[in-house]
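Here the structure of chain A is known, so what remains is to put chain B in place on it, guided by the hints.
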Amino acid sequence: MRLTQIRTLSGTIELLTGLHIGSGNTEMHIGGSDSPVIRHPHTGHPYIPGSSIKGKVRSLLEWRAGLAGVNGGKPMSHTLLEKAPDKKEAKAILKLFGISGGDSLTEKESLEIGPSRASFRDCSLNREWIDGVRKKNLPLTEIKMENTIDRIRGTAEHPRNIERVPAGATFAFQVSLKVLNGETDLLPTLLMGLNLLQMDSLGGSGSRGYGKVRLTFDDGEIQEQFNNSQPW
Amino acid sequence: MKTLLVTLRPLTAFATPPHGDTLFGQLCWALCNRFGAPWLVERLDGYLQGKPFLVVSDLFPSGHWPRPFVPPHLLEGDLRAGDRKKEKKRIWFPWRDDAGWRKNLSSWGRMCRDEAELWGEERKNRPQPHNQINRLTGTTGTDGFAPFAVTQTWFPERARLEVWVLYDPKRLNVAEITAGLMDVGSFGFGKDASTGLGRFDMEKTEECPLPRQPDSNAWLTLGFCAPQGCGFDGKRSYYQPFTRFGRHGDHAARTGQPFKNPILLARAGAIWSPSHKPLPNHEFVGRGLGGEEKLSKILPATVHQGYAPVVGIHLPEERP
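Chain order of the listed sequences is A and B. Numbering-wise, the numbering used here puts 25 at position 25 of the first sequence, and it's gapless, one number per residue. Remember, the numbering used here sits 232 above the position in the second sequence when you count from 1.
Next comes chain A alone, as it looks inside the complex (with noise of 0.2 Å):
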C-alpha cells in the first residue's frame, strides 16, 4: 500500500437558503441571539466546520447504501461489515471516511481498509462576499424568529431567534483525497455524497428549508464527473 498522490479538490459552497450551524452556546452576549452560528475566533466571520460537512455527506452515503440502520443510527462500524447489504459500497464508505479508534481490527484488516481517504477542510468566507456585504453596510449573519402556533388558539408560543448565514452567501470549499497505488478509485463515491448533500442539507433545521446548497468546482474535469455522478 502506497500513497501515489494527495488530490485537491476545491471550489465554492453558495447558499440557496440560511445556514445555521450553531456554536454549542459556549458565549452568551447580552442581545445576542439565543442561537449563534459558529464563527472564526479571530476574524469573527461564520464559517463551515469540515466536520458538520464530513458527517453529513457520510450519513447521506450510509442512508443510500442501506447502513443507516445497521449500528443502530451510529455510523457505520467495521464489526459489522456482514450484516452490510452491499460490502464494497460499505468498504468504500469506511476507506473514505474512516473507522472508530474502538474498532479493534486485525493487522490484515487495518491494513486493507488503510488510512481515512478524504479530508474536510473548515469552508471561510469568500472575500468579494464579505466585500459586497460590508459595502452595503449589511452585517454578515441574519436573525430569523420563529414561534410555536398553539393548536387550539391559534396563538404563537415559545418565541426564539435563531441566527443564520443568509443565502447567497458563498465559501471556499476544500477536500483532500489520498490516493493509494492498486485500489479502487474513491472520487466517485465522494462526489456521490456531495451530490447527496446537494440534494439534502447542511446545518441544523434542514427540514425547514435551512441549508440549500450549490457546489462548484474549480476543476471543468471534477465538475463533469460531480454532475454525473448521480445517486439513483
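Quick caveat, the hints were computed from the structure, so don't treat them as lab data. Where hints are given, some of them may not hold.
If you want the footprint, here are the derived chain B segments under chain A, 3+ residues with CB under 8 Å [what the hints assert, rightly or not]:
1) 362 to 370
2) 385 to 398
3) 421 to 427
Not the full set, but computed from the structure, chain B residues with beta-carbon under 7 Å of chain A [as the list claims (entries may be wrong)]:
4) Arg266
5) Asp482
6) Ala485
7) Pro490
8) Asn493
Ideal Cβ positions, reconstructed from N, Cα and C, are used throughout, including at glycine.
Chain B only, in chain A's frame:
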C-alpha cells in the same frame, strides 16, 4: 547532520499541539506511506543507538526560540516590577536579531516577546462543540459524550511557524523531507485531520546551521527530549518535565490498542550542561526511545523521538 529551517503557514486550527516528537511520528507515517515500510525501516537503523536519520524541533513563531527554563534571576528582566502576568507571556526569544542572541543570557529576558507583539494578536484556544446525529432519529442522542467539545488552537492570519529539521544526508534528502511535510500539511497534522484541522502550507526552506554562542558551555533544546542517561550535570541543568501519553497513528491506531506506554520527556527550552568540558559540538541531544516492545506490544518496533536539536549557549556560573 545537515540542518534545514522550514517556514510554515498554518491554514487551519490545530487540535494537537505542534511538538517536535509528534511531528516526527507523523512524518514517519507520511514517509512510510509515500516510500514504503522497508524504506523507513532501513532509515531507522541505528535510531536507538544515537544515530537518528531525522530530528525535528517543535514549531516556534518565525525567527524565535523558546525562552529558556532557567531560574528567573538568570534572566534579568524576568522580574520587572509590576506586570508579572504580562511578563510571563513573553516566552519567545528573537534569535534572528543577531546582535541580541550573542549577548549574555542575562539580557535575554528583556528581549523576549509575547505573541501579540509578534503577530498583532495571540493564538486562541477555543472548544469547538461536536455531536453525532443518530441516523434513525435525527437527534444528538444521550450518550455520555454527546455533544462533546474538542479544544482547538487558532493561529492569527499573520502567524508563521518555523521548524528546525536535522537530517542525515546519506539517508534522507531535502526533496524527501519536503514531500513528507507537504503530505502532512495538505492532509492535516494530528487529531481531527480528516475534518480539516492541522493544515499548513510550506512557505520557505533554507539550509541554516544551528547557531552557537561564543564560549558555549550548555545547550538550549528546541524540542522535547529524553535526557535520561546522557551524562548531564544535574546542578547546572534546568528543565520542565512532561509525560507523553503517546498514541499510534495511521492504521496502527485502529488495532484496539492505540496507546503507547507513557514516557517522561523534558519540554523544549530546557538547558543541559554536560558533565565534562569543553562542550562537544553536538547538533542534537537526547536518546531514541522504544524498540523491542518497550513502547508498544501492537507494533514492537515502535520508536519515539527523544532527540532534540540544540543551540550552544553560555550559561553563567552561579554566584555562591
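With chain A as the partner, please determine if Asn493/B meets the hint condition of a C-beta pair closer than 7 Å.
17 Å, violated
Proximity test - 8 Å, beta-carbon atoms, the region 362 to 370 of chain B to chain A, at least three hits
With 7 residues in contact (Cβ-Cβ under 8 Å with chain A), the coverage given for the region 362 to 370 of chain B holds.
Would the hint on Ala485/B be counted as holding, given a Cβ-Cβ threshold of 7 Å to chain A?
6 Å, holds
Could you check if Asp482/B really has its C-beta closer than 7 Å to a C-beta on chain A?
5 Å, holds
How does the region 421 to 427 of chain B fare against chain A when you require at least three residues with a CB closer than 8 Å, holds or violated?
The restraint on the region 421 to 427 of chain B holds, since 4 of its residues have a Cβ under 8 Å from chain A and three suffice.
If you look at each residue in the region 385 to 398 of chain B, do at least three have a Cβ nearer than 8 Å to any Cβ of chain A?
This one holds; 3 residues, not fewer than the three required, reach chain A with a Cβ under 8 Å.
Hint validity - Pro490/B Cβ closer than 7 Å to any chain A Cβ:
At 5 Å from the nearest chain A Cβ, Pro490/B passes the 7 Å test, so the hint holds.
Per-residue hint verdict: Arg266/B, partner chain A, C-beta under 7 Å:
5 Å, holds
Checked against the numbered hints above, the structure breaks only hint 8 and satisfies the rest.
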